Amino acid sequence: MSSVTAPSPAVDPTGPLLPVARSRRRTELIMLVFAFALIVFAMANVGFSLKGRLPSGVAEYLVAYFVIIGAAHLAMRRFAPWADPLLLPLATLLNGLGIVMMYRLSAQANPATGHPAISASQANLQIAFSAIGVGGFVAVLALIREPRVLQRYTYTLGAVGIFLFALPALLPASISEVNGAKIQIRFGSFTTIQPEEFAKLALAAAFAGYLVAKRDVLALAGRRVLGLDLPRARDLGPILLAWAASLLLLVFESDIGTSAVFMGLFVAMLYIATSRTSWLLIGFLMFLVGALTASKLVGHVGERFDIWLHPFTQANVENNSYQLVQGLYGMGSGGLLGKGLGGGQPYITPLVQSDLVFTAFGEEIGLAGVMAILLIYGLMVQRGLRTAMSVKDPFSKLLAGGLSFMLALQVFVIVGGVTRLIPLTGITTPLLSQGGSSLVGTWVLIGLLARISDAARRPPPRPIQDEGLTQVVTLK
Amino acid sequence: MNRALRRISIAVLVMFVLLLINVNYLQGFQTASLASKPGNSRAFYAAQNQYQRGNIVTSDGVTIATSVLSGSPNDSIKYQRKYPHGPEYAAVTGAETIFSNTGIEASQNSLLSGNDSALDVRKIIDLITGKTTKGATVELTINSKAQTAAYDALRATGKPGAAVAIDPKTGAILALASYPSYDPNELAIHDGTQLNKVDKQLLTDKAQPLLNRALQGTYPPGSTFKIVTSSALLTQSPNTTINTRLDSPTDLTLPQTAHVLHNDQGEVCGDGSGQAPLITAFAQSCDTTFGKIGMQIGANALNDMAQKFGMNDANLNIPLPVAKSNYVIPPSLALTAFSAIGQFSDTVTPLQEAMFAAAIANGGTLMKPYLVKQVMASDLSTVQSTGQSVLSQPVSASVAGSVGQMMRAAVQDSDGTAFAFNAQAEGGLVIAGKTGTAETGTVNLNDAAFTSFAPYGNPNIAVGVIIQGGGYGASAAAPIAVQVIKAYQSAVGNQ
Chain A
1 MSSVTAPSPA
11 VDPTGPLLPV
21 ARSRRRTELI
31 MLVFAFALIV
41 FAMANVGFSL
51 KGRLPSGVAE
61 YLVAYFVIIG
71 AAHLAMRRFA
81 PWADPLLLPL
91 ATLLNGLGIV
101 MMYRLSAQAN
111 PATGHPAISA
121 SQANLQIAFS
131 AIGVGGFVAV
141 LALIREPRVL
151 QRYTYTLGAV
161 GIFLFALPAL
171 LPASISEVNG
181 AKIQIRFGSF
191 TTIQPEEFAK
201 LALAAAFAGY
211 LVAKRDVLAL
221 AGRRVLGLDL
231 PRARDLGPIL
241 LAWAASLLLL
251 VFESDIGTSA
261 VFMGLFVAML
271 YIATSRTSWL
281 LIGFLMFLVG
291 ALTASKLVGH
301 VGERFDIWLH
311 PFTQANVENN
321 SYQLVQGLYG
331 MGSGGLLGKG
341 LGGGQPYITP
351 LVQSDLVFTA
361 FGEEIGLAGV
371 MAILLIYGLM
381 VQRGLRTAMS
391 VKDPFSKLLA
401 GGLSFMLALQ
411 VFVIVGGVTR
421 LIPLTGITTP
431 LLSQGGSSLV
441 GTWVLIGLLA
451 RISDAARRPP
461 PRPIQDEGLT
471 QVVTLK
Chain B
477 MNRALRRISI
487 AVLVMFVLLL
497 INVNYLQGFQ
507 TASLASKPGN
517 SRAFYAAQNQ
527 YQRGNIVTSD
537 GVTIATSVLS
547 GSPNDSIKYQ
557 RKYPHGPEYA
567 AVTGAETIFS
577 NTGIEASQNS
587 LLSGNDSALD
597 VRKIIDLITG
607 KTTKGATVEL
617 TINSKAQTAA
627 YDALRATGKP
637 GAAVAIDPKT
647 GAILALASYP
657 SYDPNELAIH
667 DGTQLNKVDK
677 QLLTDKAQPL
687 LNRALQGTYP
697 PGSTFKIVTS
707 SALLTQSPNT
717 TINTRLDSPT
727 DLTLPQTAHV
737 LHNDQGEVCG
747 DGSGQAPLIT
757 AFAQSCDTTF
767 GKIGMQIGAN
777 ALNDMAQKFG
787 MNDANLNIPL
797 PVAKSNYVIP
807 PSLALTAFSA
817 IGQFSDTVTP
827 LQEAMFAAAI
837 ANGGTLMKPY
847 LVKQVMASDL
857 STVQSTGQSV
867 LSQPVSASVA
877 GSVGQMMRAA
887 VQDSDGTAFA
897 FNAQAEGGLV
907 IAGKTGTAET
917 GTVNLNDAAF
927 TSFAPYGNPN
937 IAVGVIIQGG
947 GYGASAAAPI
957 AVQVIKAYQS
967 AVGNQ
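Going down the list, the sequences are from chains A and B. Numbers 1 to 476, taken from this note's numbering, label the letters of the first sequence in order. Numbers 477 to 971, taken from this note's numbering, label the letters of the second sequence in order.
Think of the hints as simulated: they come from the structure by calculation, not from any bench. Predicted model only: the values in this text are computed from it and were never measured. Be a bit skeptical, because a hint or two may be false.
Stated by the list, open to error - With a Cα cut of at most 30 Å, we get these calculated DSSO-like pairs of lysine-lysine:
1) B:K599 - A:K51
2) B:K558 - A:K51
3) B:K554 - A:K339
4) A:K51 - B:K554
5) B:K800 - A:K51
6) B:K607 - A:K51
7) A:K339 - B:K962
8) B:K599 - A:K339
9) B:K844 - B:K800
10) A:K339 - B:K607
11) B:K513 - A:K339
Based on the sequences and whatever the hints tell you, model everything.
Following this line, the structure appears as structure tokens:
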């Protein structure tokens, strides 16, 4: 491990010979303040709109979030001083907007039912999970000082990932089935955990480790047919395994969204590792075949396609597509600038706090607001991919590329789903929607990207100056 | 590996561009089409609560629906709808609820809520002058005195029924009441849970308080249909006058059946000679006479005349929808005899009862009934007003004069069915009318009907009343009509 920690660029003795490396921690701080100001503004907006004043509890919310984010920033300074300065502020802003929306949903009752979409204690849980999530983020930075160490645990992580994935399917439905999908583990009556949110991360790291070890044989061996480099049959093993796993997810857990994200992650990483287009095609075709078969076999999946194609028929509007069209109506009523936070009726849409939270933003902050949210996601993914390109270690490169793509894919699947670009499948909206597992999982993902970006941006150890003919090099 | 990463980046870029295009399409271009899609309660809500809703007032200036600041800080809806007279006007106003509207609240919704395109120019003026835009005020043709008299009289019977009063010269509806009714204030609440509870209770109530009997209830007209039968006879055979003596047997054996038609309680018609003048048969409401007339002129003639009086019309809108009053051409001559005295499959709404008398009172010309006099913007300028229009001309002026004379006789003659309401008994008020008692099986549960107009010389009101299970038309329905007529005459200063 290098002993160099954040040298002050101002006294860099190498002068103009080497480009001046900057840690950009101050940039991060300024951006954090900016993000935090936006959240304060949004929170005040909700309060004035719903109650005509700053409601009680807002100060506590903001102070709690301020402390959480402050801790994250200090951890960055301490453990990853060279990390990308945009990742933390972008995640902070999205998580903060999610908290504002949870607060907003809990503060207004639906006149039709007399209840708000979520209770005040559920809204408070979002803050608690944010704290746990940032805790996970700090833990990643503190414990994994060098991303490559994860490579040592390739098979352990793979086993853990598969176990976590399979867990809800193995458990009885009374514990794990929610809304027709078996993806959760219930503790008591209130708290649930979605192990897949953590399984994805473990498997991404396991894939990266496996592919780095096997990339040469996967990339080079094989025959060329019709201008396409086909892999050897025996090398198809891993992709078949991933395919089988994602199909099992579909059939036993009825969770087409996660299945798509998982398959996409694996294929993208395979492609990054080998640069072989044939893997992309094979993976895509296999997923298509699997999804079509499943849509015939599993009613839950076939129904999703029907809702997507014909959402506005009277029968669908009243039953199956009620959720989707209410979300669309919400976005439609928001228009260009939205109804203002607290001014819309997001409570009409079922599950507006989780799967359809994006439509609540569409309704209340309008097209302008959701475009900003999409751009924030895009920027986060772009920072991740840039990290992947600039980091030298192949394992880190693969992991960063895979994680960034997975984040992008997840946003695409859920936002595309609720806006009817693709069939709606219930997965969480990273950082925005209610749900502790997703929140913690995404923060860990950001932590991993921050860790890798630290490795990517860290300047190389500089030779000791003026030592004559003998050079002394610091060893790890 | 960077080449592959670059390609992945491009794929990610494409994904995000697709998402951005799609949200732009949804929120930039599709807002209007989404707002009109089925089940979009947001669009309804937005239109309902944008402005302070306009009032509904009667023609004599009584406010029967208004919107006031709800005043509750936890209420997401700024204004609260109030109905100061509760159930009395429910058949007219309907109710504005957070989910949907009924009655005038529904039919004039866009004007009341302020979203009608007819108000666009005024909204721009409001914007420039800085005035708060409000919904338009709807002024009805209803006279509050007549309405109160109608509702109170119906309520006093304690039986389900309805009364409708029309100005025969214009078609303006002066009173429209249904009993049992409901309090629209209970439905105007903003608490959806409570609203669902109240709504369910009203829907399952055996008394059917939500049913607007005046427009949506149809009942056998009984002998009031003899107005149609005599109109058809006098129109078809010009040589017949009200004094023409017609066969009026005590018992009439119907062709091809063993069924014998006889008068109420087996009474003798006229002088017992087996023949009676038309006017006597009408005043005494002889079923045998009119059964024979029906068979003589035929079902098609009855059907034509019924249609001209407004029956068999499913599209009448005043602008509240009105149920179809039915005359069905019977399959046999025997049943034609029954249909001529308002039995068989004949059914009418209380509004139709009023229209029978209104057409006769207006010299044979039936004016289209209407409920909305005019719509005024918040600056009291008129946005819309309803013009009078002729619905049909069922009979000539001379036939109308003859039928009117017979209706007068039913009240004036000492053996007329409604003699209890002659001018002497009513302090000089000269009423013409026709009673109807439709057999439903049990004598005491017969449906009672009465159609009338007054004052006889220069009619300004026609009233139709039906009481379900009221018994005799003369004893159950006629007193209600008389009270409405009296209240209206005193309101317009005739007495």
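Here's how the hints hold up against the structure:
1. With a CA separation close to 29 Å, the supplied pair K599 of chain B and K51 of chain A stays within the 30 Å bound.
2. Of the pairs offered as hints, the one joining K558 of chain B and K51 of chain A holds, with about 24 Å between alpha carbons and a cut-off of 30 Å not exceeded.
3. A C-alpha spacing of about 16 Å is found between K554 of chain B and K339 of chain A, which places the hinted pair at or below 30 Å, so the restraint holds.
4. This hinted pair checks out: K51 of chain A and K554 of chain B have alpha carbons roughly 13 Å apart, not beyond 30 Å.
5. For the suggested pair K800 of chain B and K51 of chain A, the alpha carbons sit about 50 Å apart, so the restraint of at most 30 Å is broken.
6. About 25 Å separates the Cα atoms of K607 of chain B and K51 of chain A, which keeps this hinted pair within 30 Å; it holds.
7. As the CA atoms of K339 of chain A and K962 of chain B are separated by approximately 55 Å, the hinted pair breaks the 30 Å bound.
8. Among the hinted pairs, K599 of chain B with K339 of chain A is consistent with the structure: their alpha-carbon atoms are about 21 Å apart, no more than 30 Å.
9. At most 30 Å may separate the alpha-carbon atoms for a hinted pair to count; K844 of chain B and K800 of chain B meet this at roughly 15 Å.
10. For the hint linking K339 of chain A to K607 of chain B, the alpha-carbon distance of about 22 Å falls within 30 Å, and the restraint holds.
11. With a C-alpha separation of about 19 Å, the suggested pair K513 of chain B and K339 of chain A falls inside the 30 Å cut-off, and the hint holds.
Violation of the numbered hints given earlier is confined to hints 5 and 7; the remaining hints are satisfied by the structure.
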